[in-house]
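So you can see what is in the structure, the chains are spelled out below.
2 protein chains.
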Amino acid sequence: MPESSTPSARETETELKTWSERVDRVLERWLPAACTHPATLHEAMRYATLGGGKRLRPALVYATGRAVEVAPEHLDGVACAVELIHAYSLVHDDLPAMDDDDLRRGRPTCHKVFGEAMAILAGDALQALAFQVLSCDPQGPQDPAVRVRLVELLATAAGSRGMAGGQAIDLLSAGREITVAELEDMHIHKTGALIRASVVMAALTAPGLDQGLRDRLDHFAKCLGLAFQIHDDVLDVEEDTETLGKPQGSDAARDKPTYPRLVGLEASKALARELHAEALESLEPFGPGADLLRGIATYVVTRRH
Amino acid sequence: MPESSTPSARETETELKTWSERVDRVLERWLPAACTHPATLHEAMRYATLGGGKRLRPALVYATGRAVEVAPEHLDGVACAVELIHAYSLVHDDLPAMDDDDLRRGRPTCHKVFGEAMAILAGDALQALAFQVLSCDPQGPQDPAVRVRLVELLATAAGSRGMAGGQAIDLLSAGREITVAELEDMHIHKTGALIRASVVMAALTAPGLDQGLRDRLDHFAKCLGLAFQIHDDVLDVEEDTETLGKPQGSDAARDKPTYPRLVGLEASKALARELHAEALESLEPFGPGADLLRGIATYVVTRRH
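As you go down the protein sequences, you meet chains S and D in turn.
Just so we're aligned: the first sequence equals residues 7 to 311 in the working numbering.
Just so we're aligned: the second sequence equals residues 7 to 311 in the working numbering.
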């Protein structure tokens, strides 16, 4: 058996690019054409979804698939669905009533281009599309019971006890002193739930997988999700606006709680490193099939935007 | 075989009350408690969903169930899911960026009570909950393939080529001269898609049902959906604010296209009557099992709010 190892940053970035291009093609196929009636809504949905982005969640879907030996064509629907949920959450998060952001990925945000009302609807329709894709992707799991479970996992991860709940916790914490435990709780919901779902859903499509391995993948994703967010907070302090694609220091300017503010910059970095190590440890039984997951874990805590 | 007939308005209203109370109990059970973390979000979701309303869509689910001989306990999940989608759409529709309504069902709208950001999130989470309910209701269809199809139908009805698309068409038509065909197209999407899905989804849970009968139910729902909307437009002209629970003449004041504005009040009423007759005709082969559907059809074009 070949030895497992964490691929180099360059190898991971090359792989990520491949998967990102793949999910872009899948999204392109599922999103109604920009000329489909009502055209403006479909333009807004496409603008919000196809404008780049790291595609971290789809990459986790495909990388988990490689670790559990499920071919990418059977995971295109899942990869597409998690990215649609992510894309819709960004559109709504950027709205004036929420974070009021003008820039996203270096481009004007959806509501800046299409207006607030159309952006709200585009987000709503992207969420619906995610469930449509899961339910009717012809290459998805042949067992309908698995599909039902995928819908349940995604709906739970997106809903009030998952991502939307995390956004609410975020809202309620702005301008208030919160503890590290509360900050962690917010991130576990806000970004953690969907990152975890990406991995758990992909693992679910491998019906024969041992429960112990499933749990390890879940734990990997939990650590990764939190590490991702801590590193995001660190980047907001350390990197400039051009690299980030959004205004540097925007969290601090908005009086949002972040890890660096609560525990300091160095302690934040140390925490991200610990979570990274724990994530890698969770993958130990997987062998080289999980190398891409290892590479993604490292990418998540070393990326510069 | 006992003869079929349309029940009296009083009989229908009594039945509607029973089904409305039933779906309220189901919604109450599925909505997380108001003390569940994050509490404000769950309060907002409950406020938006449990504050009354006609519960027309759940009633159509249960009434279709009676026509096709599916027991109500197997339809609770479907009834709940369509109402959650409807409730979320109202929350978003009332937002300042959309219709900017302060009153709904005689009470302050969700964003008036919880703020705009929380209302956006409550709507988002209600949509996710609808798919969670469909996928994991223990009393729902035992065949997972039927569940998958229910998810697909609801996602399509809620999405960009259904309800959300209708809202977009509505937005794009405000302040512009549109044709009757365009107005009809808007309503077919905006309210028609979910009304149709309510009937078609309920019919889907009766696996042995003849395709011809399925098509008739679908046609019934199509006629009913449009009749409902035309009658809504008529009510906006004819009834006072107190009866409606929202400001009378609000459509006209907002320069929104309506049937009375486009074809006149009397022609609008005649059109609603024609659609009502066509709806009843679609139900001819069903016998007395469809009497509640007949009653609902009549209620829809005679109700005063």
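To be clear, the hints were calculated from the coordinates, so they are not data collected in a lab.
Fair warning: there could be bad hints in the mix.
If several chains are the same, the list does not tell them apart, and a pair holds so long as it fits within one copy or across any two.
To be verified - Once the Cα atoms are required to be at most 25 Å apart in a straight line, the calculated SDA-like pairs of lysine to any residue come out as:
(1) Lys-262 <-> Ala-45
(2) Lys-60 <-> Thr-185
(3) Lys-262 <-> Glu-122
(4) Lys-118 <-> Leu-96
(5) Lys-118 <-> Met-104
(6) Lys-23 <-> Val-186
(7) Lys-118 <-> Thr-162
(8) Lys-118 <-> Gly-293
(9) Lys-118 <-> Leu-277
Results of checking the hints against the structure:
1. In the homo-oligomer, the alpha carbons of Lys-262 and Ala-45 lie at most 25 Å apart only across protomers (20 Å), although the nearest pairing inside one protomer, at 37 Å, exceeds that limit.
2. Taking the shortest alpha-carbon separations for Lys-60 and Thr-185, neither the intra-copy value of 30 Å nor the inter-copy value of 44 Å comes in at or below 25 Å.
3. Taking the shortest Cα distances, Lys-262 and Glu-122 sit within 25 Å of each other both inside one copy (23 Å) and across copies (19 Å).
4. Taking the shortest Cα distances, Lys-118 and Leu-96 sit within 25 Å of each other both inside one copy (13 Å) and across copies (24 Å).
5. Both within a single protomer and between protomers do Lys-118 and Met-104 lie at most 25 Å apart by alpha-carbon distance, with minima of 14 Å and 15 Å respectively.
6. For the homomeric pair Lys-23 and Val-186, neither the shortest alpha-carbon distance inside one copy (34 Å) nor that between copies (49 Å) is at most 25 Å.
7. When the C-alpha separation of Lys-118 and Thr-162 is checked against a cutoff of 25 Å, the pair qualifies neither within a copy, at 30 Å, nor between copies, at 27 Å.
8. Proximity of Lys-118 to Gly-293 under the C-alpha cut-off of 25 Å is found in neither arrangement, the shortest distances being 47 Å within a copy and 55 Å between copies.
9. Taking the shortest alpha-carbon separations for Lys-118 and Leu-277, neither the intra-copy value of 36 Å nor the inter-copy value of 40 Å comes in at or below 25 Å.
The structure does not agree with the numbered hints 2, 6, 7, 8 and 9 stated previously, though it agrees with the rest.
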